[in-house]
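Q: These protein sequences, in sequence, are chains A and B.
First residue of the first sequence: 5, per the numbering used here; consecutive thereafter.
First residue of the second sequence: -9, per the numbering used here; consecutive thereafter.
I should point out that these hints are in silico values taken from the structure, not numbers from a laboratory.
Hints should not be assumed to be uniformly reliable.
[To be verified] Dumping the calculated DSS-like pairs for lysine-lysine here, alpha-carbon to alpha-carbon at most 27 Å:
#1 B:Lys66 to A:Lys138
#2 B:Lys57 to A:Lys143
#3 B:Lys57 to A:Lys147
#4 A:Lys89 to A:Lys43
#5 A:Lys43 to B:Lys79
#6 B:Lys27 to A:Lys37
#7 B:Lys22 to A:Lys147
#8 A:Lys43 to A:Lys147
#9 A:Lys144 to B:Lys57
#10 A:Lys43 to A:Lys143
#11 A:Lys61 to A:Lys43
#12 B:Lys66 to A:Lys37
Predicted model only: the values in this text are computed from it and were never measured.
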Amino acid sequence: MQTRRETIKQSMVVAGLLASAGIPQFAQAAFNKTGFDAKSVQDAVKAYGGGAIAESKDVTITGPDIAENGAVVPLGASTSLSGVKQMLVLVEKNPAALVAMFHVSDAVEANFSTRAKMGQSSDVYAVAIMADGKALFAKKEVKVTLGGCGG
Amino acid sequence: MADPMRIRAQASGDKATVRVLMSHEMESGQRKDAAGKTVPAWFIQEVTATHNGKPVLSAEWGPAVSKNPFLQFAVKGAKAGDKIAVTWKDSKGDTRTDEATVS
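Chain A extracted, bound-state conformation:
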């Protein structure tokens, strides 16, 4: 016996799957504008051909717990998995979530560090897109203190 509420929930899940399947796979363009315009973490991952994101302990994100200066937040993304195609670094509450994308080749380790700007306290994500389209992520909350009071 299905309640009305469950039926609606299921139909929404199906609609979501259909919507994600409809996104065209982009050929590797020089610069993926869709990815960098995407507002949410999932949309940005989709723009690079990744599926639904799933948390994984094999992916690590490094960053400070508290960043005193939101203009320079050191972030690192790494994974021990093999078969990683791309590593993404994202800040959830930025105007555009995606910060940087790295193509992982055989010659480099899937371990990158850079510095990002953050508009406000937010979760930061490291996403590894695997060769089979799976997207695995790790996230960490970074608090940004404004005004230099040091939190």
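Following the hints, position chain B against chain A.
A: The following block gives chain B in isolation, referenced to the frame of chain A:
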């Protein structure tokens, strides 16, 4: 026009850790100037690295990367004396390449 990058590549074991400090404004396109006009975005879009001429890394960056960006990565199989070159291209089409020797 752009200032040179500072690249340091250090071999440790069977890999070399490369640290790059680029000199770039990385204007996000969100800031407003004194007159209230939006400052147009101007940031590094593509970064590539080669190891002895062979491409090893390519990256795409958005405007959310900090001013004067820092990048660290590790090249497998690189040893002392090898050449690591890094190139960036920004949203105005400017590019710059700098090279360093692994120590």
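Q: Take the hints in turn and mark each one as holding or not.
A: Consistency of the hints with the structure:
{"no.": "1", "hint": "B:Lys66 to A:Lys138", "in the structure": "holds (25 Å)"}
{"no.": "2", "hint": "B:Lys57 to A:Lys143", "in the structure": "holds (23 Å)"}
{"no.": "3", "hint": "B:Lys57 to A:Lys147", "in the structure": "holds (20 Å)"}
{"no.": "4", "hint": "A:Lys89 to A:Lys43", "in the structure": "holds (22 Å)"}
{"no.": "5", "hint": "A:Lys43 to B:Lys79", "in the structure": "holds (24 Å)"}
{"no.": "6", "hint": "B:Lys27 to A:Lys37", "in the structure": "holds (23 Å)"}
{"no.": "7", "hint": "B:Lys22 to A:Lys147", "in the structure": "holds (24 Å)"}
{"no.": "8", "hint": "A:Lys43 to A:Lys147", "in the structure": "holds (20 Å)"}
{"no.": "9", "hint": "A:Lys144 to B:Lys57", "in the structure": "holds (23 Å)"}
{"no.": "10", "hint": "A:Lys43 to A:Lys143", "in the structure": "holds (17 Å)"}
{"no.": "11", "hint": "A:Lys61 to A:Lys43", "in the structure": "holds (25 Å)"}
{"no.": "12", "hint": "B:Lys66 to A:Lys37", "in the structure": "violated (30 Å)"}
Violated hint for the displayed structure: number 12, the only one.
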